[in-house]
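All letters in the sequence shown, in the order written, are residues 776 to 1096 by this note's numbering.
Please keep in mind that the hints were generated in silico from the structure rather than gathered at the bench. Heads up, a few of these hints could be off.
35 Å max Cα-Cα, derived DSBU-like pairs, lysine-lysine [what the hints assert, rightly or not]:
(1) K1079 x K1010
(2) K1010 x K1025
(3) K1017 x K1082
(4) K1017 x K969
(5) K794 x K864
(6) K1079 x K1016
(7) K969 x K1025
(8) K1082 x K1016
(9) K969 x K864
(10) K1025 x K1079
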Amino acid sequence: MVITFIILIATASLFVWGKIRSDIVALCSLLGLLLTGILTPTEALSGFSNPIVIMIAALFIVGGAIFQTGLAARVSKGLLRFAGNSDYKLFLLVISVTALIGSVLSNTGTVALLMPIVVSMATSSNMSVRRLLMPMAFASSIGGMMTLIGTPPILIVHNTLVESGHRGFSFFTTLPVGIILLFCGILLLWPLSKTLDKKRKKDDDDQRSTVKSPKQLVTEYRLAENMYRVEMNGKSPVVGKKLSELDITKQYAVTIAEIRRRSTSPFKKTVTQELPEAGTVLGDNDVLYLIGDFVNVARFAEEKGLKFIDQSSDDSMPTFS
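Build out the structure end to end from the sequences listed, making use of the hints.
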């Protein structure tokens, strides 16, 4: 019993410390219980065949697929546009969308997905970001209470009931409770978000006055005027070569600002953005964002057999991130 408590306290301390990966800490704790004879080999390995563990791992795969295909991002971003410039509508929409996505995805994945969108929306509507981020975090937890797969504890209880011979939960058994909690959360978090924002309202106003969206920066500094896009093709002599070998800037007075690559997998239609480095290898169908005079860009595209697309618009500007 003493050894068990020591291992438990050590495990909890390492989790709080956060310097060692949580999965390594958990496996070391399991190994400690096994070596001390507290658990038998059968008991130690039984968790890996538990359907809850397998289902949670599968949920991460499903969540990753939704993120990679961009489905969740497109749906969330589209819904958030309905808020307009109203702080209250934006608050309600953030809470609702977060709870909806959180009901089928993990809390961490939901927050990671929505955070950049919420920050951008708050900046555009001149609303303090902290008034949305904290409610968003709570809404992701509340959303997990609405469905069977929303949060691991509900799955564990469901599995325990089934193993005991009782009837388990249906997919939406906890939905009424989740809706009630969501409604109570909205009533509590809306005034609370205002209270938390009062102390730093002036600082936020000053900060918002200096924060500009990428599109505003592009327009102000006229970045798109001398930026053009060209597409690589398999017949080009530069395909498969490193940028350091080509020395494009010196020969053509053209700078590569960004490289966008389409996924080669038939199951993904994502486009990755890469900043050019000396060791970057150019590939087939890469889209290059070039900064320079039109004459130089056209000469580079013609000599290297590249397809000249068009002049880059504000909406297709590189993110430089």
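Verification of the hints:
no.: 1; hint: K1079 x K1010; result: holds, 9 Å
no.: 2; hint: K1010 x K1025; result: holds, 23 Å
no.: 3; hint: K1017 x K1082; result: holds, 19 Å
no.: 4; hint: K1017 x K969; result: violated, 53 Å
no.: 5; hint: K794 x K864; result: violated, 40 Å
no.: 6; hint: K1079 x K1016; result: holds, 12 Å
no.: 7; hint: K969 x K1025; result: violated, 55 Å
no.: 8; hint: K1082 x K1016; result: holds, 17 Å
no.: 9; hint: K969 x K864; result: holds, 14 Å
no.: 10; hint: K1025 x K1079; result: holds, 15 Å
Hints 4, 5 and 7 from the earlier list are contradicted by this structure; the remaining hints agree with it.
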